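K.L.:
Each chain, letter by letter, is given below.
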Amino acid sequence: MPFRGFEGPAGSGKTHRLMESVGERLAQQPLLPHQKVLALTFMHGSRRRLDEELRSNPQLRGKSVAMTIDSFALQVLTRWRSLAAALDLATGDFNETCNACGQLLEHPQVALWVVRSYPVILVDEAQELAPPRLRIISALAPHASVFVAADEFQCLDEEVDTGPFLEWFQGGEITQLNHIHRTAVAGLLNAGANLRQLAAPVNGPGLRIDYFFPNLAPFRIGAAIHQAQGTRAVLFPPAGRDWADAIAQRLSEGLQSPNYNIPPIRLALEPRASDEIAAVMAVVGVADLLSPAQIAERFAQLENPPRWTPQVISAALHSMSRQGKTLWTAAELRGLVERKAASFRAYTSDRGRGIPLLGIHQAKNRQFDHVVILWPHGVPGSDQLKARLLYNGITRARISCKVLVRGDNLLQQAPFVFNAA
Amino acid sequence: MKIVRLDIDGFRGIQNGKVLFGDFAILIGANNSGKTTVVEALALLLGRERLVRHLTEHDFFGSDPVAATRIKIVATISGFAPNDPAHHHDWFRQGRGVEKWFDPASGDLHPAATAQATDLACQIAFGACFDHTTLEAETVRYFYDAAHDDDPFADDSPVVPLPIGLIKELGLFLVPANRTWDRMMSFGSDLFRKTVAYVGGNPAEAVLAERNRLRNPDQPLEEDEKLAALVGEVNDDLKTLFGREIDLSLRLTTTDSEGVLDAVMPHFQEPGRPPLPGRRHGNGIISLQTLVLLTRFGSLRKARGDNFIMLIEEPELHVPPPQQRKLLHYLKKMATQAIITSHSPTVSSVADPHQLVLMVNRTGALSANPLLKSPIDQNATAVRRSLFLTERAATVSAVMHPAVLVPEGKFDASWLRLFGRIADLTELPADPQGATFTHEVGVIPTKDARIDETYRDLAMVHPAITCLVDGDGAGNNYKAALSGGASPCPRVIQWPNGWTIEDVVAWVCAADATVVAHADLVPYALPANIGDLAAYLKSDGAKRDEILHGTLADAIVGKAGCSRRARHVLSVLAAIATGKPPPANSAAPLAHANGVTIQWTFNNAFPGI
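Taken in order, these protein sequences are the chains called S and L. Quick note, the first sequence lines up with residues 1 to 421 if you use my numbering. Quick note, the second sequence lines up with residues 1001 to 1609 if you use my numbering.
Pulled out of the complex, with its shape left as it was, chain S reads as follows (with noise of 0.2 Å):
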């Protein structure tokens, strides 16, 4: 039986259908009991998200597991060493984990241990199925019914080479979807329809792009979040940050004009690991060999400690009392503030107080009634990359679209203006 596979744009309801489908399928077919639908996808944010989309699916709830691709990968890999070793795969960083996982479910006995347990797989985000991804996807395909949902427009990382996966995804059983079901505002559905063929987007209805002089632009920010009703958030794409730091700063402090008198507004940039991590790692040496004691003593330097520095601390006693660890390298702690930081991530929402600030890749596959796009100058990559990562943001909107350009050149430029256009 071939794979199921669904294809759309972004909003186009991807998601619902899978899981739809995959209701169906349950229904045919009931799970064991000990048996559950698992749902994979690539990041931690995208995999609570999912996460809860499965709970509140009636058909689903209790009956399914959501886990990134990555941790899935861990897990077999961790549970078949033997066999990998055996086989002299390859182990390190997550592509390394995840080809050599692929390998090992390329044995029926690996992939049909996994089937028993999980008999029904489903993948969203699958256009960032890169070959070592992909392999552990297409290893388990022919054991287990599997659904996919992919957008290629909507891969994001210039890295990934999609050729492999576009032409493995042929091979399923393919329901196009069309229709926009997010947004039935046109300015929104026109450039998403332009950007996808690399056509230039355009103001309507919903949609507005503009230059401001810089010190209009937070006066104008500012007003736009201000007067929105519903959720909101800001987003920037590669490169974005500082402005959009300098305007998180303006904002918080209020705005007075006498065309405008706009409270604080606070816009709470959402961390990333890979900056929470640095943070913390500052204020170890290279050269350090720490206590857990003199571990929880750095950590209290820090001015605004990650919400998980704590586990860094209970782990590294719980490593002294149990392993009689009583010294860590740099380069240990470093290991093991990456597992925390992770595993926090995994499991702990992102809900803060005031406006999600964040960027384009972090956005994915999150809805907002209002956003706010601000572009600045040299966003890296092709005119290509710029095209997917404005859709990707515009995208995000149910009601309205504010993108606001840094330079008034930029409006000359891909992706406000592309020359093969």
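It should be emphasised that the hints constitute simulated quantities derived from the structure, not laboratory data. Small disclaimer: the values here were computed from a predicted structure and weren't measured. Hints are not guaranteed to be accurate.
Said to hold, decoys possible - Going by beta-carbon spacing under 7 Å, a handful of chain S positions derived as facing chain L:
hint, residue
1, 83
2, 116
3, 119
Just so you know, even glycine gets a beta-carbon here, dropped at the ideal spot from N, CA and C.
Chain S is fixed; fit chain L onto it per the hints.
P.N.:
Below, chain L without anything else, positioned relative to chain S:
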């Protein structure tokens, strides 16, 4: 399902060790060789929670666990029917065990099936560590994946806990050595309750009827005329103290169902005699209750297709010899697998040599090997037949010692046995060298002229073997043969030049020549000159006359000088055999070029003896 292999790390006296089990295995070995440790290890891993004792520091090897010290017990479960993981979802799937493939010939495990590794297997483990802040041991049972990176107590440990349901499925039942039998056939007994529950629950109506009868007895004790006055006074006192009526009544139980069940006492009745409670019968009958119950329980489980693994410690302690054999044969038939520990040659004789696992513990390194790798067949050599069939009882009792001595022939063995008797009877209480020989060294009744083959057969079983050869040309040849081959004998002792065991006996007697004049020896017409004794003992008739040997030994017991020499001989042999240095100048060592063998020559010119 059955337990095919057990690996133990850091538990009690076993620093590390591995035991392979067949469907029927009898573990034999010297005291302290780890038989009980193996049984308790199985109970910790596979017993129901109630069987799991509270662990203390002494359960960790070395008794002084630090933070990183672990107890690790790994059992390999095999015998899945059918032999395919697809049929055993409870054992083999993501979130449960990872399948392995067991090679029954080598005992090795492989991650994928091979031509040799044909048996589907699951490895499960028990781990313990000692917490220095709470002073308690923490334990965990989990699916065991691989030897590396598998500390179940590490932060973020990926180990998957073992569900109790799978342990129950294995159906391990333990009869420990320190059992109390007399209430086995009552509700105080776990086994009885289990069996009753298994056939369909308590006899509820009978229990309730009995409970009601006990609540309202026809003749309440408190109304008996001899008690009535006392009870009346107590009631009056209570009334004064509490200001209300509180009447005392005396009932035989707690008047609830639990009380009835607890009060049940098994009775057994023989025709024409009154029924007697179990504990009034001899040990034979009361322990046989358990035999009956166990086999009943086993056959019930078997009839339902359930697993039943029996683990019995030292059945010889309580069960009389005729029933020992019956019990074991019955178990062999009833249980999916039976594992038994024993000191008894009777019990050991029920099993075939390949089912007898000899355990030897040398400073924490456990070796456990079956007497033979495979069942003995018609092609077996004469040596094997002798060792493992005709002389099996003697072989088994010899290898149960920490060290084993293989002499050249069976008369050497019988003389050494007599020397042991002499030593036991004449030993001085304060002798520092003591009679270590008799309890540390087992002597094999070697088939004549087959010392090399005997050594090779036993070397696979026992790790501490010493060979003893004559001081003649044949002895030199044996010595050469034993020092060669793939696994040369580590220790070979040779009598002085020209000597055989009879020369040793004559040397012992020569310490006090009057010994041969003993009245009991008159009928044997021993040579008057002690110098001729050796030649006489070697003569055909005297060499085989075991009555003469015994009589001469008794005479030696009476002569302090002679018995001292006999003890000296044994202490030299014992020291070498157990790997300790013998008394200075008592024997000369010579290291062989193979780097393994040390050849010792006994020195008869030992000063002061």
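K.L.:
Okay, which hints does this one fail, numbers in order?
P.N.:
3
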